[in-house]
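> Using this note's numbering, you'd call the opening residue of the sequence shown number 29 and step up by one each time.
Derived from the structure by calculation, the hints contain no laboratory data. All figures in this text were calculated on a predicted structure; none of them were measured in a lab. Positions of the beta carbon are idealized from the N, C-alpha and C atoms, including for glycine. Some hints could be false.
[Unchecked claim] Derived pair list, reagent style DSS-like, types lysine-lysine, alpha-carbon separation capped at 27 Å:
#1 K187 <-> K164
#2 K297 <-> K121
#3 K129 <-> K297
[Said to hold, decoys possible] Label pairs and their calculated CB-CB ranges:
#4 A227 <-> D329: 15 to 23 Å
#5 G177 <-> H332: 55 to 63 Å
#6 M98 <-> L324: 21 to 29 Å
#7 L39 <-> V148: 31 to 39 Å
#8 L36 <-> Q192: 50 to 58 Å
#9 L183 <-> V159: 40 to 48 Å
#10 V223 <-> L79: 18 to 26 Å
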Amino acid sequence: MDRKSGILEGLLYLFAGMSIVLLSYYIPVLIILLILFSVPCTVLGYRYSVLESVLFLCAMTVFLVITGDMVSLIPVLSSGLSGVVMGSMLRGKRPAGDAIKNGFLAALISLVGIFGIFIVFFRLNIIQEFVNALPKIVDSSLDIYRSMGLGEQELNVIKTVLEQAVHFIGMSIPFDILMYSAIASIVGYLVVEVVLRRADIDRLKPFSLWKVSDRLSMVLVIVYLIETIFRSNYTVYMVTFNILLGLVTVFTVDGYSLLLFFMKKSGLKSWLQVLVVLLSFFIPVFSFALTGAGILDATFDFRHIKKRG
Numbered sequence: 029m030d031r032k033s034g035i036l037e038g039l040l041y042l043f044a045g046m047s048i049v050l051l052s053y054y055i056p057v058l059i060i061l062l063i064l065f066s067v068p069c070t071v072l073g074y075r076y077s078v079l080e081s082v083l084f085l086c087a088m089t090v091f092l093v094i095t096g097d098m099v100s101l102i103p104v105l106s107s108g109l110s111g112v113v114m115g116s117m118l119r120g121k122r123p124a125g126d127a128i129k130n131g132f133l134a135a136l137i138s139l140v141g142i143f144g145i146f147i148v149f150f151r152l153n154i155i156q157e158f159v160n161a162l163p164k165i166v167d168s169s170l171d172i173y174r175s176m177g178l179g180e181q182e183l184n185v186i187k188t189v190l191e192q193a194v195h196f197i198g199m200s201i202p203f204d205i206l207m208y209s210a211i212a213s214i215v216g217y218l219v220v221e222v223v224l225r226r227a228d229i230d231r232l233k234p235f236s237l238w239k240v241s242d243r244l245s246m247v248l249v250i251v252y253l254i255e256t257i258f259r260s261n262y263t264v265y266m267v268t269f270n271i272l273l274g275l276v277t278v279f280t281v282d283g284y285s286l287l288l289f290f291m292k293k294s295g296l297k298s299w300l301q302v303l304v305v306l307l308s309f310f311i312p313v314f315s316f317a318l319t320g321a322g323i324l325d326a327t328f329d330f331r332h333i334k335k336r337g
């Protein structure tokens, strides 16, 4: 495709990105969409060149700097760089797995790098500031509940729950960074596949055939034992805690893949499959069961995916 088409498409993506940012001032939840900023960068990089992809990212960065929106700048830069890398690899006819792995690393390294730049040049630890703000959010929430007429007993229960949530959020920040990088690369690539549905690119296996390595089951056991034995050591506990969160997430994805495989195999209608998956999000026992199923599937390969190749 010619350069003019690339510029025009880039301008359309830029307008869409700017609109999302501006609308997020009034509808904050829209900022989540910036995690998928890797999509337009990947598409531009594949259809035209890395230059178009980088120019688009730079234009969006300049817009955010001018508006002073540092909150949006972090996901845009990290996710965008992930897209630049994936687009370059797709254009080079590299396998989907390689593109996602490198996109993940690009998002992770850039995200950590951005935090480091803020610390070195602006003396601002974004993560620490976020953690420090959490207790204030708890106090504000309690004031709201208190104004609603709740008694001290109910307030104490709510306070305990909120404090546990704050502790979990503070402990799981490394996991959150990894999850963000994974979403920017994996989910971003899946969206790119839809956008480039007619393009000759390497595509991921159907979700129903996703399966994790059987070695991860042993890793899960080892990490759990280390966490149990060294629970009194804060550093070791925090590292193993975040690794366990990551492993549980991976096995849960395997469990949903297993569920979808057998629902399709049984001939269940599509709308019922969607209903079952949606219900699982609201039934904790179901989600825990799927995580367990994912662990067992990693070990015993219920779908015989290895034999399928």
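> Where does the structure disagree with the numbered hints, that is, which hint numbers, in rising order?
Of the numbered hints given earlier, those the structure breaks are 2, 3, 4, 6 and 9, listed in rising order.
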